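As given, the protein sequences belong to chains F and G, one line each in that order. Counting in numbering that gives the first Met the number 0, the first sequence runs without a single skipped number right up to 276 at its last residue. Counting in numbering that gives the first Met the number 0, the second sequence runs without a single skipped number right up to 378 at its last residue.
Quick caveat, the hints were computed from the structure, so don't treat them as lab data. Any given hint could turn out to be false.
Which chain G residues face chain F? A few, computed with CB under 8 Å, are given here [to be verified]:
hint	residue
1	89
2	96
3	98
4	105
5	106
6	115
These numbers come from a predicted model, not from an experiment. Don't be surprised by glycine CBs; every beta carbon is placed ideally from N, CA and C.
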Amino acid sequence: MNRKFTLFNATSLTLGFAFLYLPMLILIIYSFNASKLVTVWAGFSTRWYGELLQNDAFLDAAWVTIKVAAMSSTLAAILGTMAAYVLVRGGRFMGRTLFSGMIYAPLVMPEVITGLSLLLLFISIGLDRGIFTIVLAHTTFSMCFVSVVVSSRLVTFDKSLEEAALDLGCSPLDAFVSVTLPIIAPAVISGWLLAFTLSLDDLVIASFTTGPSATTLPMKIFSSVRLGVSPEINALSTIMISIVTVGVITASLISKRSIARKQGEERTAATVDASAA
Amino acid sequence: MAQPGNKPVFAPWNDPHQKPLIQFKNVTKRFGDFVAIDDLTLDIYAKEFFALLGPSGCGKTTLMRMLAGFENVTRGEILLDGQDIARVPPNKRAVNMMFQSYALFPHLSVANNIAFGLKRSSMPKEKIPARVEEMLRLVHLEQFANRKPHQISGGQRQRVALARSLAKAPKLLLLDEPLGALDKKLRQDTQFELMDIQEKTGTTFVIVTHDQEEAMTVASRVAVMDNGRMIQVDTPDRIYETPNSVYVADFIGDVNLIKGRIESSGGDNYTIQWAEGQAPITAAGPQGLTSGTSCHFAIRPEKVAISAEKPTDRSNALQGKILDIAYLGNVSTYHVELANGQIIKAQVANNRRISRRDMTWDDNVWVSFTDTAGLVLLK
Ligand SMILES: Nc1ncnc2c1ncn2[C@@H]1O[C@H](COP(=O)(O)OP(=O)(O)O)[C@@H](O)[C@H]1O
Ligand SMILES: [Mg+2]
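With these hints in hand, go ahead and build the complete structure from the sequences.
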């Protein structure tokens, strides 16, 4: 294989990354613009970040968003882990293949449809829409992501560890809590972070399932942009980009560490060491 | 194993008053259509060191997993101390298992691995550290108490697994190929260590192995399995000296097998016709075999003598030519080809350092054996 860094490679890389990150870069740069006019550069300033902190509507929306993200990602981590466990470990039961397929469906379902169907559900059971319904909706779609991450960890998990725990007197629940969970924890945490960031930047599903009482940050941004882009929005978006970036990077770092741990484990299981004694 | 003079022989299986610790009663285990254990009946007694021996895939692990409670029984029943254990979940059985892969908990230290079962037993909390200490001493791992499993060697991990499964002082300890991953020297040391620990703790051990030497070394009784069935259950010496079938004779140690037909009998002494133009073999066998029955004559190579002249003191002597000599250090095995192409192996101890090679390739020699040296086998 030719591993030389050619001009062609350099160009594709630049183009690709420019395509991906140029819009965000511009947004971040303009968030530090001193001018009120979004498209005219008038020197560096952090003024809009300051004003943002005075804006109660934005701060409220931010608070709602964080609450929704924290609650829905926690619920999703619990439910997604449970679903993954049953699908990987539950043995054969009726409709297992169907269930495994169905758990992935929301991943590819258009958000508009997920949002609409949830809205119809909430209306038909007479649930008051607000933070609670957004949490439910976000839990629904993000638990699939958690379940995918956790089940890919569980399939490589040495089942004899659980059997050893049972053998030593654990109930099945105790075996899960004291052996399985600590070992798969990195996958669960990484799933949780993923769910958290997904919830943080969701606009469509939140718009469908919210009521007048609750507005999330993406919704707030979207509605204010329709009245014209303000530098404050740029500042806010920059903050969100940073949070999401940190979240995603942490999630992937944790996954990497989880892989390293797994290898350690496999070394433990499959012995052979001539210098032993 | 030789027993010292006045020590009573440990043989509860011969004592009708002894109650077995484990009883398999017509146990069958199926995976779908596949029969892994086929109508198996077996008794194992307290304080036994019981070895399950058989080729890969014959159902040894399945048998263990049924005892530990990880597989249910398709038909028949397993009794532990006279009680059917079918409905008892693994965490409620007084049985512990040492897994083939050791299955140590990677997130816990050596000491916490050993304490894991104790914390879930009725043992008072303040007594646990002392027990862990005791187990660490038993397997010589005191200095490694705080290491994680991936920070110790394979042999040490194997001992942690042993200590962990012994910590709760189970009535029965199951060991699934415990030494499979160790090299030969370490393996032999550990075999003796296991026997020592078994004697010290008085636990009943059931060990799975596919290494016949290991089974013969450690076990009070050996069970030879094939395709989910028990072929023979007996003490190591009897398994070796009086195998009940060609399968067992062939599986344990080296053996010469000669196919033939019983010609005539006098009590439990038989004449076996085995090839045109060859003198019949006279040999002892089970009583009551009728003439005309086809059979195998089995004889171990070390019970066959080899000489240049025809011996006069042995009832069976066959002439042949030396085809091959395998020098193994302590012994040499001569492969002698008889006139009809049958090859007989004769083993000779090299008890002098530089032996005079009075026999060599292509020499005409006699192989001979007494009439009680071999065995007539019907299946
Ligand atoms: N869970 C299972 N499902 C289907 N077949 C199995 C299962 N466990 C074991 N077997 C089959 O049962 C047979 C005996 O397996 P095992 O007891 O592991 O053999 P051994 O330990 O003697 O090598 C093998 O042929 C194996 O393929
Ligand atoms: Mg096995």
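Results of checking the hints against the structure:
no., hint, in the structure
1, 89, "holds (4 Å)"
2, 96, "holds (5 Å)"
3, 98, "holds (5 Å)"
4, 105, "holds (4 Å)"
5, 106, "holds (5 Å)"
6, 115, "holds (5 Å)"
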